[in-house]
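Visitor: As you go down the protein sequences, you meet chains A and B in turn.
Numbering (my numbering) for the first sequence: 1 to 567.
Numbering (my numbering) for the second sequence: 1001 to 1341.
Bear in mind the hints are in silico, worked out from the structure with no lab data behind them.
Values in this document were obtained by computation on a predicted structure and should not be read as measured data.
Do not take every clue at face value.
Said to hold, decoys possible - Within a straight-line C-alpha distance of at most 30 Å, the following computed BS3-like cross-link-like pairs (lysine-lysine) qualify: (1) Lys1013/B with Lys431/A; (2) Lys1013/B with Lys298/A; (3) Lys471/A with Lys513/A; (4) Lys1338/B with Lys431/A; (5) Lys1338/B with Lys153/A; (6) Lys1226/B with Lys362/A; (7) Lys200/A with Lys1013/B; (8) Lys1013/B with Lys12/A; (9) Lys362/A with Lys1063/B; (10) Lys8/A with Lys1063/B; (11) Lys114/A with Lys55/A; (12) Lys6/A with Lys1013/B; (13) Lys1226/B with Lys6/A; (14) Lys251/A with Lys1226/B; (15) Lys394/A with Lys1013/B; (16) Lys12/A with Lys1063/B; (17) Lys1338/B with Lys8/A; (18) Lys320/A with Lys1013/B; (19) Lys1063/B with Lys251/A; (20) Lys1338/B with Lys362/A; (21) Lys431/A with Lys398/A; (22) Lys1063/B with Lys431/A; (23) Lys398/A with Lys1013/B; (24) Lys1182/B with Lys12/A; (25) Lys257/A with Lys1226/B; (26) Lys148/A with Lys1338/B.
Unchecked claim - With the Cβ distance kept under 7 Å, some of the chain A side facing chain B (calculated, not the full set): (27) Gln3; (28) Pro13; (29) Glu381; (30) Phe396.
Glycine included, C-beta positions come from ideal geometry on N, C-alpha and C.
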Amino acid sequence: MLQLFKFKGGVKPATNKTQSVSQPIAIAPLPSHVAVPLHQSIGGTPRPIVAVGDKVLKGQKIGEADGWISAAVHAPTSGTVIHVGQQTVPHPSGLAADCVVIEPDGKDEWIERKAVDYRSLAPETVRELLREAGVVGLGGAVFPTHGKLTPAKSVPMEQLVINGAECEPFITCDDLLMRERGEEVVRGAAIFRDLLQPQKVLIGIEDNKPEAVAAMQAAVKAVGEDFEVIAVPTRYPAGGAKQLIRVLTGKEVPNGKRSTDLGVQCFNVATAYTAWRALAHGEPVISRLVTVTGNVAKPRNYEALIGTPMDELLALGEPKADTNGIIMGGPMMGFLVPDVKVPVVKATNCLIAHSDALFPPKAPEMPCIRCGECARACPHELQPFEMYWFSRAKNFGKTQEYNIFDCIECGCCSFVCPSRIPLVQYFRFAKSEIWAREKEKKASEIAKTRFEFKQFRDEREKQEKAEKLAKAAAAQAAKKAAEAAAAQATGEAAEAVPPPAAAETSPADAVKKAAIQAAMARAKAQREAAASRNTESLTAEQQQDIQAIEARRMASGLAVPAEPKAE
Amino acid sequence: MSMDFSTPPYLLKNASVTRVMTQVLLALVPAIAVYTWLIGPAILIQIAIASLAALLGEALMLKVRRQPLAPFLGDGSAIVTAWLIALVFPPLAPWWMVVVGTLFAIVVAKQLYGGLGQNPFNPAMVAFAVCIVSFPALMSQWPNQALHLGFADQFQIIFGLTPRLDALTAATPLDALKTGLKLGEGQVGVAALLANQDVYGQFAGRGWEWITLCYLLGGLWLWQRKIITWQVPTAYIGALAAISGALWLYDPAQFASPLFHLFSGGAMLGAFFIATDPVSGSTTPRGKLIFGAGAGLLTYLIRVFGGYPDGVAFAILLMNICTPLIDLYTQPPIFGMKNGK
């Protein structure tokens, strides 16, 4: 049995998971339309490669990955493109972003799917295929998976962690995925294993999901792998990549360092599943499992197409009358979507119908009493209350001294705060302010550099001009001195010699003339040499012949063609 | 700056400032019960006076500062300050002195600094310090253990309805020991003085030792409830025991035992209820150890070598001054940064 480690902090909110696990995964029916945001991963925004009116097939690429850290997006079903442009997307601020909207034709007709045996392919090709299939981290961070599949050069890969912890309350999509499609998760993990070549593969699952643990153990056995399936203590946020790595390996990945630098890498179980589907079935990521729960009559997990309007998906769960919003994600890190019609995206693991009865409005914020509960709950061992003081005071330099950028916004601090301070909000505010200022600073630095360079250039030009002037002045002086010397040397016989100006230029002219003459001579010599070479080895008869020809030519009045001979 | 409340996390733990303060008050209840039983109901009168004064002072200042009354009067913090003041003042102290102390604590030490969470000094300790400097005689008159006064007598003394007779009061056990040792000029030992059954009980002040024991039990309950952490009380008690033990071993005739010191005066109350005040105390784990140890050490030095009967208040106030510096130098390493930055 593997020795488990502990991470500091964390909280134990009511898990609320049992509601949505009683039913198996259902396939959500085709929605009225699908709006597929082009930007569904960290990195470059894919460029649309379809236009309004185009017919597309299910799985057809509609957005081309832009840059290495980017992932392609695909049509979730067959139909007609009815809009390419800005639409409200699931973002807390109600942001609009470029989407491709498709009206389904109801046939759900696939493109030609090409299964590959990834073992026969070079690792670069496999990574490229995953990028083309739009495989991204489905745990919520949506980092392009292929970008995480290159081991560090200097550090041997020790562990590959497959994250099935699913620590957020209410969410059960990974649980159901492991229960029902465990083998494909294991096969997906094997792809990652083959690319990264770790010594061990560890599958971590919170111990409140014994069915998933058993299913995964059986799946590992069935596939014939030696992966270890490990139940980890249930404590939010055990499913955070850094926390799970800590629990399973004892390694702490510091902020700003890649986990591969410590010989470990981590992927979500759903990511492994989609990687397998992409390679072994040629299916790009066009759907995902979404838990529909909260204030609904029939909580359940659905396999829903990316782009499905959230209200249509939530309607399958039959939301109760007092529902007044949709939370995308869990209640700890999720957010109320600004518009219930926003589409399901690759990061959408859960939809929670929100009601005031289920999530009572918060009591008014009280002053911080420095009780330190937040610091004890922080899984990154930060001092949230100190960061709060300085965020509130807009003393952002100090927030950075207290490592605000190590904050993963898990919400543990807000969860425990007796003063009901929305701490995470303050930290987001501080972070965005720091970013904005950093940008401004960079812009002003560029402007400053530009200005300084212009100054430098002006100065240099001035200097060059001054140097030129000085040179000219010096030449003038030398000329005058020469004149004076010449005048002295010639005395009364000055008229007999050429004028001083001519004498001045004559040496240079002479050199030039000599050079030209030498060149001409060389050319002539070459020509002559060439000409002579052609007639060098002629026999007497030939010479006679030539002479006879020349004579005839002369007789007919033709000039001696000297040049063509040399050709 | 105010923040949007419809933001994650949507799930919250059932916690509030009122809940924290209520548990602190609950932890004091056993000690108050024993106090009432052994010393008399005067403590209940003082708690009532202090609580009333605290709420009035708080309401007045909230009005002046244009702050909402309900959340801040209901948070329980003023009541905690009031109870602590009542418990550290002499039970027969005149009512106006308790009022002056409480109002100073709430108006000056707390509200003028910005109210809840903003005070650099523990308000109850400020009240004690102000009164012992301003009214040293009244602050040194503790009930004579040989006399048992009923509710009516105590009530009349507190409100000045009967003359404050010298015979009714006595020095505290700590003060009596210090004075006795001084007067004895090395001829009278600790043991002989502690033999006085009117003043001393099983291991410390008569009656007071059981109240102090209740503070310890209440404090342990707070620790078990995770309202306080172990560092401050452990360091406080450890430091006080260490220095008193060292001197006791050096000369048991002139220095009382650690047991006596731990259960005398405000040591236990200070260790569990006052030095643990999060607002004015250190917040980092190592900082709490330094804070507690410093307070314990200063308590002993002031009560044994200083001019005041007890050293808890000044010890904690002195450590309050050091808190920002202690916190600055004891920031714990963060996740992933433990093996040196």
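Visitor: Kindly indicate which numbered hints from before are broken by the structure, ordering the numbers from low to high.
Guide: Hints 7, 10, 16, 19, 20, 22, 24, 25, 27, 30 not satisfied by this model.
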